[in-house]
Structures are given as structure tokens and as C-alpha cells.
Amino acid sequence: DAKTTQPPSMDCAEGRAANLPCNHSTISGNEYVYWYRQIHSQGPQYIIHGLKNNETNEMASLIITEDRKSSTLILPHATLRDTAVYYCIVRVGRTSYDKVIFGPGTSLSVIP
Amino acid sequence: DSGVTQTPKHLITATGQRVTLRCSPRSGDLSVYWYQQSLDQGLQFLIQYYNGEERAKGNILERFSAQQFPDLHSELNLSSLELGDSALYFCASSDFAGALDNEQFFGPGTRLTVL
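Line order of the protein sequences matches chains P and A.
Take 1 as the starting number for the first sequence in my numbering and just add one per residue.
Take 1001 as the starting number for the second sequence in my numbering and just add one per residue.
Derived by calculation from the structure, the hints in this document are not laboratory data.
Note that the Cβ used here is the ideal one computed from N, Cα and C, for glycine as well.
A couple of the hints might just be wrong.
Computed, partial: chain P to chain A, Cβ under 7 angstroms [stated by the list, open to error]:
#1 43
#2 46
#3 50
#4 51
#5 52
#6 100
#7 102
#8 104
Here chain P is said to cover these stretches of chain A; the calculated rule only asks that three of the stretch's residues, wherever they fall, bring their Cβ under 8 angstroms from a Cβ of chain P [stated by the list, open to error]:
#9 1019 to 1026
#10 1032 to 1046
#11 1055 to 1061
#12 1069 to 1077
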């Protein structure tokens, strides 16, 4: 079973920040939070991941709460091409055993 | 382009048949993952191989099997096919020992239709 919960859908106006929440209250100390997105029927695409600290890359920012029980993916200036299903998953990093469980994700619609 | 290739892109077959899906990971990646995505089930993890050995198993049916070859490409074999096996099958690869920290790169998928 997925170890994360996300809202099933969200809307965001084009050009505004999209904030996608994720709850992972049972996360273990050695588990990372990963975010992927899937644009209709394409292979999922890696976005960002983090352990404890907030992370930023060219695609997004990841804010992880201090207790690590939840996180938020931020797309700072959403465009129509960001319309996709966003998956938040927890995984143990740097291991050759990697049972990856995707939940249903959040379907983000960016509206013109 | 993720660097992961999957063949064929589309496959149409009949119930009871057997098919083989092929995946070539990114150059240098030792881990290969297989996923099934059907309309009502979402993205389901099937199995992971690392350097030729099975490492993790998910919701993979006994009718399904996989292997990873010495050149690191992988095949997913689906037998006694049923209508419910119709789905997108994705392969992903990763290099957990590298700086990318186990990021998975997904292929474009194989769409299987069982009639």
C-alpha cells in the first residue's frame, strides 16, 4: 500500500504557484520523499526529492515539515504544460532493494 | 528522452497468448523496474532487478515473469493473457550508486491490448 496520501485533484491558474501537498505520517528516518509527474500516458518523470531539508531545482521546490510527516511540492509559475498527475512517494535512498509504491497521485489542471 | 527504450510500442494479442516486452535501461544503470498501469489500478510496481538479480517484488502475477540479462536489458514475459492484462507497461532504470540518488528514469511504455 502507498505510504502517502494526496488530494485527488487540484486546479491552478496559469502563471501562479501550484502547491501540491502530501502526507507521509509513517515515514521512516531513512526514507526520502520523491516527487514524479506523469503527463497523459507518458512515462513518469522525476521532479525532485529530499530527506530533511528543503530542496530546489530548475523544476520545483520541495518543502518538508520539520517532523517530516508532510511535504509540499511547489511549481513556482505553473504553465499549461504542467498539467499532469503528480505522485509523491517515499523510498529508501541508495539501496539495491527498491519496492516502489505509487499512490493515485494528484491530478493538477493548470487553467489559462 | 529518458534514455530508456522499450519495444514494442504497441502490442495487440488475443486471450490465452504469451508476449514478451523488452526494455533497455540507460547506459550504466544497473537497476530495472517494471510497472503496470491500467485505467482502474493506477501505476503498479511489478518487480525490480539489479545487475541480473531479482531484488524486489510487487503485485506481479504468477503468470508474469521477468529477467535481466548480462547486458542489463530486461524482458517481461506475460503468459495466459486475460482481458484484464490490457494496460500500459513501463520500464524504468536507475543507478542507485551514482550521484542521482536512485532517481528512476522511465521509458515510453508498451501499450498491450488483449482482445
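Hints, verified against the model:
no., hint, in the structure
1, 43, "holds, 3 angstroms"
2, 46, "holds, 5 angstroms"
3, 50, "violated, 10 angstroms"
4, 51, "violated, 9 angstroms"
5, 52, "violated, 14 angstroms"
6, 100, "holds, 5 angstroms"
7, 102, "holds, 4 angstroms"
8, 104, "holds, 5 angstroms"
9, 1019 to 1026, "violated (count 0)"
10, 1032 to 1046, "holds (count 6)"
11, 1055 to 1061, "holds (count 4)"
12, 1069 to 1077, "violated (count 0)"
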